[in-house]
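In the numbering used here, each number is its position in the sequence shown, counted from 1, plus 66.
Source of the hints: derived by calculation from the structure; they are not laboratory data. A hint or two may mislead.
[Unchecked claim] DSSO-like mimics (lysine-lysine), calculated; alpha carbons at most 27 Å apart, straight line: (1) 160 to 146; (2) 174 to 160; (3) 173 to 69; (4) 69 to 160; (5) 203 to 174; (6) 69 to 84; (7) 174 to 84; (8) 180 to 197; (9) 185 to 203; (10) 94 to 192; (11) 139 to 203; (12) 147 to 160; (13) 70 to 160; (14) 70 to 221; (15) 221 to 174; (16) 139 to 160; (17) 173 to 139; (18) 70 to 229; (19) 221 to 173.
[Said to hold, decoys possible] Label pairs and their computed distance ranges (CB to CB): (20) 242 to 204: 16 to 26 Å; (21) 78 to 143: 35 to 45 Å; (22) 217 to 138: 20 to 30 Å; (23) 160 to 110: 34 to 44 Å; (24) 242 to 218: 44 to 54 Å; (25) 114 to 203: 19 to 29 Å; (26) 95 to 209: 18 to 28 Å; (27) 222 to 162: 20 to 30 Å; (28) 211 to 241: 35 to 45 Å; (29) 98 to 170: 15 to 25 Å; (30) 130 to 217: 38 to 48 Å; (31) 204 to 239: 37 to 47 Å.
Note that CB positions come from ideal geometry on N, CA and C, so glycine has one too.
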Amino acid sequence: MSKKILFIYSSVDGHTLKICKHMMAKNKSLATMNIHSLETVTPQDLDSNEIIVIGASIRYGNHRKELYSFINKNVAVLDKKNAYFFSVNAVARKIEKRSPEVNTYIKKFKKSVKWSPKKIQVFPGKIDYPKYNFLDKHMVRLIMYFSGGPTDLSKSYEFTDWKEVDRFADEIIESDI
């Protein structure tokens, strides 16, 4: 019998969704998979899947408030499932910031939820200056300037380590239910 995996994403610009879809494509023959945004997932979706993977992006130093509300509202169900969490952020472009033990956003996440996922992973995200509106473009550029990141507004920068995403996807599919 095939494992049933639910991917739930919270994404501002679509990169977290792209990571979820990549993991789904990698293991599509090994499991039955569904995907929902944080806004569209239902209690039935949670109940009908053995494995739950939640991915969320950071914007201006925070995961979205709806993420915390969702997790804390559904913590009893998540605790019964084989559940995983990953965070996507530009800070993780620096290798020393990718570990969940030192990543500032994961530390904040752990303090804000009552849930302990089976595993937490951090992936470097994407800076897509051409796609951003005027305010976002200049706010992100300022943040990148102060953190030593790229500041050319005419370019997109994808920092995601897809081999690391593949390893995480493999770990999920190989997990015991």
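Here is how each hint holds up against the structure:
1. 160 to 146: 34 Å, violated
2. 174 to 160: 19 Å, holds
3. 173 to 69: Distance of about 31 Å is beyond 27 Å: violated.
4. 69 to 160: Violated: residue 69 and residue 160 sit about 34 Å apart, past 27 Å.
5. 203 to 174: It holds: about 25 Å lies between the C-alpha atoms, which stays within 27 Å.
6. 69 to 84: 21 Å, holds
7. 174 to 84: Holds, because 24 Å separates the two Cα atoms, which is no more than 27 Å.
8. 180 to 197: Distance of about 35 Å is beyond 27 Å: violated.
9. 185 to 203: 33 Å, violated
10. 94 to 192: 25 Å, holds
11. 139 to 203: Distance ~34 Å between residue 139 and residue 203 Cα, so the pair is violated.
12. 147 to 160: Not OK: residue 147 and residue 160 at ~32 Å, beyond 27 Å, violated.
13. 70 to 160: With Cα atoms ~34 Å apart, residue 70 and residue 160 exceed 27 Å; violated.
14. 70 to 221: Status violated; Cα separation ~38 Å.
15. 221 to 174: 30 Å, violated
16. 139 to 160: The hint is violated at about 33 Å.
17. 173 to 139: Cα-Cα ~20 Å, so holds.
18. 70 to 229: 23 Å, holds
19. 221 to 173: Between residue 221 and residue 173 the Cα gap is close to 31 Å, so the pair fails against 27 Å, i.e. violated.
20. 242 to 204: 16 to 26 Å: Check failed, 48 Å falls outside 16 to 26 Å.
21. 78 to 143: 35 to 45 Å: Violated - the Cβ-Cβ distance for residue 78 and residue 143, about 25 Å, lies outside 35 to 45 Å.
22. 217 to 138: 20 to 30 Å: Given a distance of about 37 Å, which is not inside 20 to 30 Å, the answer is violated.
23. 160 to 110: 34 to 44 Å: About 40 Å separates the Cβ atoms of residue 160 and residue 110, which means 34 to 44 Å holds.
24. 242 to 218: 44 to 54 Å: 46 Å, holds
25. 114 to 203: 19 to 29 Å: 41 Å Cβ-Cβ, so the 19 to 29 Å window is violated.
26. 95 to 209: 18 to 28 Å: 40 Å, violated
27. 222 to 162: 20 to 30 Å: Taking Cβ atoms as reference, residue 222 and residue 162 lie about 24 Å apart, which means the hint holds.
28. 211 to 241: 35 to 45 Å: For residue 241 against residue 211, whose Cβ atoms are near 41 Å apart, the range 35 to 45 Å holds.
29. 98 to 170: 15 to 25 Å: 36 Å, violated
30. 130 to 217: 38 to 48 Å: Given a distance of about 25 Å, which is not inside 38 to 48 Å, the answer is violated.
31. 204 to 239: 37 to 47 Å: 41 Å, holds
When each numbered hint is compared with the structure, violations occur for hints 1, 3, 4, 8, 9, 11, 12, 13, 14, 15, 16, 19, 20, 21, 22, 25, 26, 29, 30.
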